[in-house]
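Asker: One-letter residues, chain by chain:
2 protein chains.
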Amino acid sequence: MSLHEEMLQMGDRAVTAARALALCSTRKKNSILEAMADELEAQRAALKQANAVDMEAARQGGLSGAMLDRLQLTDARIDAMIKGINDVAALKDPVGQRISRWMRPNGLDIQKIRVPIGVIAIIYESRPNVTADAAVLCLKASNAVILRGGSEALRSNQAIAAALQAGGAKKGLPAHTIQLVATTDRDAVRELVQLEGRVDLAIPRGGEGLIRAVVEQAYVPVIKHYKGVCHVYVDASADGAMALDICENAKCQRPGVCNAIEKVLVHEKIAAQFLPQLAARLTARKVELRGSEAARAIVPAMKPATEEDWSAEYLDLILTVGVVKDVHAAAAHINHYGSHHSDAIVAADEAAQKAFAGEVDSATVYVNASTRFTDGGEFGMGAEIGISTDKLHARGPMALEELTTYKYVIWGRGQVRK
Amino acid sequence: MSLHEEMLQMGDRAVTAARALALCSTRKKNSILEAMADELEAQRAALKQANAVDMEAARQGGLSGAMLDRLQLTDARIDAMIKGINDVAALKDPVGQRISRWMRPNGLDIQKIRVPIGVIAIIYESRPNVTADAAVLCLKASNAVILRGGSEALRSNQAIAAALQAGGAKKGLPAHTIQLVATTDRDAVRELVQLEGRVDLAIPRGGEGLIRAVVEQAYVPVIKHYKGVCHVYVDASADGAMALDICENAKCQRPGVCNAIEKVLVHEKIAAQFLPQLAARLTARKVELRGSEAARAIVPAMKPATEEDWSAEYLDLILTVGVVKDVHAAAAHINHYGSHHSDAIVAADEAAQKAFAGEVDSATVYVNASTRFTDGGEFGMGAEIGISTDKLHARGPMALEELTTYKYVIWGRGQVRK
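These protein sequence lines map, in sequence, to chains A and B.
Residue numbers for the first sequence follow our numbering, so the first one is -16 and each next one is one higher.
Residue numbers for the second sequence follow our numbering, so the first one is -16 and each next one is one higher.
In short, the hints are calculated from the structure, not lab data.
One or more of the hints may lead you astray.
To be verified - With beta-carbon atoms standing in for the labels, derived distance ranges:
no.	chain 1	residue 1	chain 2	residue 2	range
1	A	Asn318	B	Glu191	34 to 40 angstroms
2	A	Leu51	B	Ser(-15)	43 to 49 angstroms
3	B	Arg81	A	Ala73	24 to 30 angstroms
What the hints assert, rightly or not - Far from chain A by the CB rule (all over 12 angstroms, computed), these chain B residues:
no.	residue
4	Ala29
5	Pro287
6	Lys337
Keep in mind it's a predicted model, so treat the numbers as computed, not measured.
All C-beta atoms, glycine included, are put in the ideal place defined by N, C-alpha and C.
With the rest of the complex left out, here is chain A:
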């Protein structure tokens, strides 16, 4: 069988599974999830064994320390997968909710009902825990899933997927609800994201190269979770202590994540006063500062910022600092250089707050709060599949509701169109 035929067959099986899943009750899905968690626990030794083989091959293949760390399935990570499944079981089921309803003058009763998307393809890199995290979130929203992980994690991913399927099967999980692409052939990704009519959505999770390849090859819709080039703008009206706290938290609390800030912009009227305080606070936290000319005129110890710095995602203790004329200039800068992820203003002035909230074209815009709150859990949505930097269907934290779509069910009494 050719790769193309193999992927078509996976697609067909997923469609069949999705149709069966769409009819599963919440209670049944939850009992399936609990059985999956139990099976992961029962298979703990087998998971670690499969992972040890992956780790050994990766070491021999010369993988770096950070990559090896991501690949490793420790007991703590298996615990986290199991806890994650139980957490998802506890979340409210979005499927079947009535989003809205209205009557037409001709008596038609139009109901907009939340339904599963269908078949979701997840393309990811080296972390094997994504296999469980993504699959169970999709399942709770009654979607079948086709997983394609990194080739270096294939054995670990197979062991996890097999445990999920085996556990679920005990409680009636439809066959082929969770399928893992077994070949490491790179063309499988292209085949997968071109399965129009079978795959309803592709979600790439990983570096920019992976996302770009998926976007360029896909015929099916893609939701991207691109980088986070996030900003704090400190207005002339800002409470200085609040601004310092927010900048420090957004930069330092966890610098390696997408909702950490990479830039601070300061209103020119307060720059001379605020920038030295900011430099002192962040230098104490070992942050490397890079500044525009205007910023360096005030704090000469900053390195000069290059043009590339303004759009760079460091994911590290580095921060680029600029000075702007006003809130409108800040918004224009953020719209131009940012990644439309999470941006904040610190300001007491209501006009500035409103201008920033209105003009900044980002998924999440904060007024007087840290950008670090962009997260499904922090938003109260529960687990998330990622933070969408796209504008269609899902923007910002993408959780259970965003893993559904809707259909219209229209109730009549024999109405025909005149």
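Since the structure of chain A is already known, use the hints to place chain B on it.
Answerer: Only chain B this time, still in chain A's reference frame:
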């Protein structure tokens, strides 16, 4: 300037226009729309002159009668464009609506606000009226638009777009809000739908070839308005007179549109009684009937249906008729052969109604009503840009609300993440 650079420049201009538009009030947008309608009226002679040149070139190029008819701008069609603009001005502005709001335990006030999508590319074929219809609908939702029409309609489209821009400019329409691709180079479509970061959404309107080309080439999100292979399923519990009325209306009231039915499936228990009545009713309306073996055993006058017939969109007075075991078989048939557009059940039995509504995976599912109601106007949404057969972002009638997205605006008092 290369085509690539030219399209990049159009994209940049559209982004600038979209940022300005996002800040326009409803009142201002409506006065712009009224000025556009007035300008089309004022330019009526110029529009007809430009169209006459297109028509002459098309005749010389050997275009068929149906194509020529689509291309022609009659006074009635100009009237309809003008009325369409005034109708859109009267619609409620979706931009700025608060979709939902909730407070977090830490005091964060999360608001989900409806905002414009940004820049929308519309790729269409020969009808010049789409130039106005699509542009003003996008504009009302504060989106900039890049239009690429059929090459045979270029002069007509340019005249319409110029009138819209000139009329709008009198009331402060941002420059480049409505741009028309002036080259007839086919590569322009590819360049346009690969303008990631500039174009937020591409909507192809036209035949399957056009839609497929856009889907395969696009890097930006695409919402498809594919064909309508719509069904009526007549259950054993159906009121026979209602079923005949709905089948006749859905097939004959306007056979050339996407929400007209192409298939009827009948429960085997009532087939012997119902099919002869259906055949009599539709034959009187000059419908050509094609039947499965089981259907032809009852009404031998039907032509035999081929495998292709089950997924064909005739857009004509042709209907393929089948017999099914029950409602579940009907739903499975529709999910397999249909286009997930509009499908109806006629049934008195509540269990059958619910099974059909739950199992059929289509944008709009009707219980005891004609499929012909799938339409923005009939749904009470006003004008529509099309009927989405996609599942993400917009499904079914795609009107003003579906031409928007959302962002989260989060109001705090200095909250940082622990």
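Asker: If a hint holds in the structure, say so; if it doesn't, say that too.
Answerer: Against the structure, the hints come out as follows:
With their beta carbons about 37 angstroms apart, asparagine 318 of chain A and glutamate 191 of chain B fall inside the hinted range of 34 to 40 angstroms. A beta carbon spacing of about 45 angstroms between leucine 51 of chain A and serine -15 of chain B agrees with the range 43 to 49 angstroms that was offered as a hint. Judged by the Cβ atoms, the range 24 to 30 angstroms given for arginine 81 of chain B and alanine 73 of chain A holds: they are separated by roughly 29 angstroms. Consistency note on alanine 29 of chain B: stated as away from chain A, and its beta-carbon is indeed over 12 angstroms from all of that chain's, at 37 angstroms minimum.
Non-interface call for proline 287 of chain B relative to chain A: holds, since the shortest CB-CB distance, roughly 27 angstroms, exceeds 12 angstroms. The claim that lysine 337 of chain B is not at the interface with chain A is violated, since a C-beta of that chain comes within 12 angstroms of its own (minimum 10 angstroms).
In summary, the structure is inconsistent with hint 6 from the numbered list given earlier, while agreeing with all the others.
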